[in-house]
Structures are given as C-alpha cells and as structure tokens.
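**Student:** Spelled out from the first residue to the last, the chains are:
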Amino acid sequence: DAGVIQSPRHEVTEMGQEVTLRCKPISGHNSLFWYRQTMMRGLELLIYFNNNVPIDDSGMPEDRFSAKMPNASFSTLKIQPSEPRDSAVYFCASSLLRVRGGEQYFGPGTRLTVT
Amino acid sequence: QQPVQSPQAVILREGEDAVINCSSSKALYSVHWYRQKHGEAPVFLMILLKGGEQKGHEKISASFNEKKQQSSLYLTASQLSYSGTYFCGTEAEAGNQFYFGTGTSLTVIP
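Sequence lines, in order, name chains A and B.
Take 1 as the starting number for the first sequence in the working numbering and just add one per residue.
Take 1 as the starting number for the second sequence in the working numbering and just add one per residue.
This is chain B alone, in the form it adopts within the complex (with noise of 0.2 Å):
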C-alpha cells in the first residue's frame, strides 16, 4: 500500500532540471508532496486532489494522473537549496490511511 517512488536518489547540477514519480496500487483521491533536510522535519510542498491538476510552487510544479495513480514532481533549474529527500503521500478514495512513499534522495551539486 505504500506508494514507489522513482528515482530513489538523483544527483544533478545546479541548473538542471529533475523528475520525481510516484505511483501507487490504489485509486487514489489525492497526492501531497514534501521535502525532508538532513536531521529536519519534513516541510509541505503541495497537494494534488483527483482530476489531473498540475500545481506549481516557485520552480517546483506537479501532476497527478488519477487514472494511472501516478504523480510526478517536476523541478526546474536547480538549486542547491532543492538537495533534500522528497517524499509523496497518497491518499486512498477508499478508507482512511495515509502513506508516505519510499522517497527520492536528491542532491545538487555546483
């Protein structure tokens, strides 16, 4: 019930742009999005509800395909302050849980 993520780690350029998935096994009503520092709690990104909505936050956007129970974190131009592990959380249509996914170890370098 845990969604995967992919990649499980990236390492980019300052500059570079990345992708971040994650898919899940259940019809899913909605996806958050968050972002982890070393030894940090992990702070809130974005939520994506059902119906394919793409969301943006600065240079960081996201989708969510409810069809396929995928969503993809989109990050442009890197920065050294986007190094972290970014997490997605996916709620079920069905039921009550909340799961984090395996998460995305991101690192960029100068």
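Okay, chain A solo, but in the shape it has when bound (with noise of 0.2 Å):
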C-alpha cells in the first residue's frame, strides 16, 4: 500500500497567496484528518471528515482556512490568503474508522513557509 500521500512536500509562498495542499487517503479508509504542527502549539486537528462529510471543523483557525473532501479518495486544504503565521507543517491522516477507537496513519506533510 501507498500509504497516505500528499503535496506537494515543501511550498514556499508569499503573504497574500493562495496555498492549497492536496492528500490522498488511504485507500478503503473512511476518516480523513488534517493537523497542523508547530513548535509554539504543538499538533493541532483542524478538520476532520467522515465519509467525505466534514465532523468538526472546530480546529480550523479562520475563514481563511477551507477544507474540501469531494470524493473519497481525495482532499485539499486551501488558504486564502496565506500570512507568515500560518508558517507550519501540515499533516493528513487517513482512518479506518472515525476517530473514536481508529488508528490514524500520517502522510509525510507538507512544510509551508509563508514570507
């Protein structure tokens, strides 16, 4: 299996541009997350979807940040428009399950530098 893949694996943009960030699950897998991982706070959930139907987008910072599902094997990210403190590593995982009780498997990320 290929496990979860995403990309692309580095972008460096400038402040005010678009930024989106492409995964693909697991394939057979249900749950799809997205983190976000930064020294200052650590490993963040931002969204999560089940079926291709967004759970709990609670994570998500601002309206500047969009998550998109539209099938399952297939998922974006979007940032618009981008600003230096969104500077991170962005994780996708891929479930079998919903989060209760599901093992998650990581994509290798993508590292975001916003200039």
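Careful, some of the hints might be misleading.
What the hints assert, rightly or not - Okay, derived cross-link-like pairs now, DSS-like style, lysine-lysine, Cα gap no bigger than 30 Å in a straight line:
| id | chain 1 | residue 1 | chain 2 | residue 2 |
| --- | --- | --- | --- | --- |
| 1 | A | 78 | A | 24 |
| 2 | B | 68 | B | 26 |
| 3 | B | 37 | B | 50 |
| 4 | A | 78 | B | 37 |
| 5 | B | 37 | A | 24 |
| 6 | B | 68 | B | 50 |
Think of the hints as simulated: they come from the structure by calculation, not from any bench.
Using the hints, put the two standalone chains together into the complex.
**Tutor:** What follows is the structure, given as structure tokens:
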C-alpha cells in the first residue's frame, strides 16, 4: 500500500497568496484528518471528515482556511490569503474508522513557509 | 482541553526504563499513543479504550485509568530506536474532538 500521499512536500509562498495542500488517503479508509504542527502549538487537529462529510471543523483557525473532500480519494486544504503565521508542517492522516477508536496513518506532511 | 504530558523531556541510556504520563481534564473514551521521529510523521503505537485495559507492543506497553483520566506509556529496556517525541491523543467521552498532548521528547544514548 502506498500510504497517505501529500503534495507538495514543501511550499514557499509570499504573504497574501493562495495555498492549496493536497491529500490522498489510504484506499478503503473512510476518515480523513488535517493537522497543523508548530513548535509553539504542537499538533493541532484542524478538521476531520467521515465518508467525505466534514464532521468537526472547530479546529480551523479562521475563515482564511477551508477544506474539501470531493470524493473518498482526495482532499484539499486551502489557505487564502496566506500569512507568515501560517508557516507550519501540515499533516493529513486517514483511518478506517471515525476518530473514536481508529488508529490514524499519517502522510509525510507539507512544510509550508509563508514569507 | 489539550492533554498534558510529563515529563517534557527525558534522556536515557540504552537498557533503561521510562514512563511517560498523559493527563486530561475531560472524561475520556480512549487514549492513543504515537511516536514521531525528527522530520518525520507521527507513527501509531497503540490505542487504549476506557475500561482500564493495558496493552503491549514489544517492550512498550501502556495503561489507561479512566477514573483519573490518565494514561501512562511504559518503555522497558530502551533501545536507540526508541528516541523521538511521544504524543498521547485523547478522545473525550462527549463530543467529537481529538487532541494531541504536549509531547515528550525521549532521547536514548549508548
């Protein structure tokens, strides 16, 4: 199995630009999670989907962030406009089950730098 | 709502044991444990569901005290490969949120 795939692996952009991060979950998994990791705030759950439906987006920091999952094999996290404080590593993870009791498999992450 | 882990950091010599604690202010349904090596993604270790069960994974085991909303990860006879940052993740009994803990940096030296 290829595991969770994320692209791009690194992204450098200027403040104000739109950023789109992509994720392909493990085939057959029905839950997908977006996390952000920084030294200051640690690992934060931004949003998670179950069967392509957003279940909890209370971790999304503000309206500049949006996430979609148009089908079971693809999800995007968009930041528009980006700001320097958005610089972080963004992980996508998938699971066979909902958050409750389901082990999560993480992708390699996207390192975002906003200058 | 983020669970608190202790200690924040620990340094061990090969063969020594360590305990990492995770404490939540919420009644918990489950506790997850993950390990993250520098520059890599977190990797799942184990899940414990409410009921106080203990689980093992080679020389790494964990317990879950649902009454105290606490979990502990036990690493015995540590190996160099155990180095990394360990995170607990908690699911509350009520609601859908999942929170990772503050993390514990573990370094095993020869």
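**Student:** Take the C-alpha atoms of residue 68 of chain B and residue 26 of chain B, compute the straight-line distance between them, and say whether it is at most 30 Å.
**Tutor:** 9 Å, holds
**Student:** Taken at face value, is the distance from the CA of residue 50 of chain B to the CA of residue 68 of chain B at most 30 Å?
**Tutor:** Holds, because 11 Å separates the two Cα atoms, which is no more than 30 Å.
**Student:** Has the given pair, residue 37 of chain B with residue 24 of chain A, been kept, meaning a C-alpha gap of at most 30 Å?
**Tutor:** 22 Å, holds
**Student:** With a cut-off of 30 Å on the C-alpha distance, tell me whether residue 78 of chain A and residue 37 of chain B pass.
**Tutor:** Distance of about 27 Å is within 30 Å: holds.
**Student:** Check the hint pairing residue 37 of chain B with residue 50 of chain B against an upper bound of 30 Å on the C-alpha distance.
**Tutor:** 28 Å, holds
**Student:** If you draw a straight line from the CA of residue 78 of chain A to the CA of residue 24 of chain A, is it 30 Å or shorter?
**Tutor:** Holds - the C-alpha atoms of residue 24 of chain A and residue 78 of chain A are around 15 Å apart, at most 30 Å.
Comparing the model with each earlier hint shows no violations; every hint is respected.
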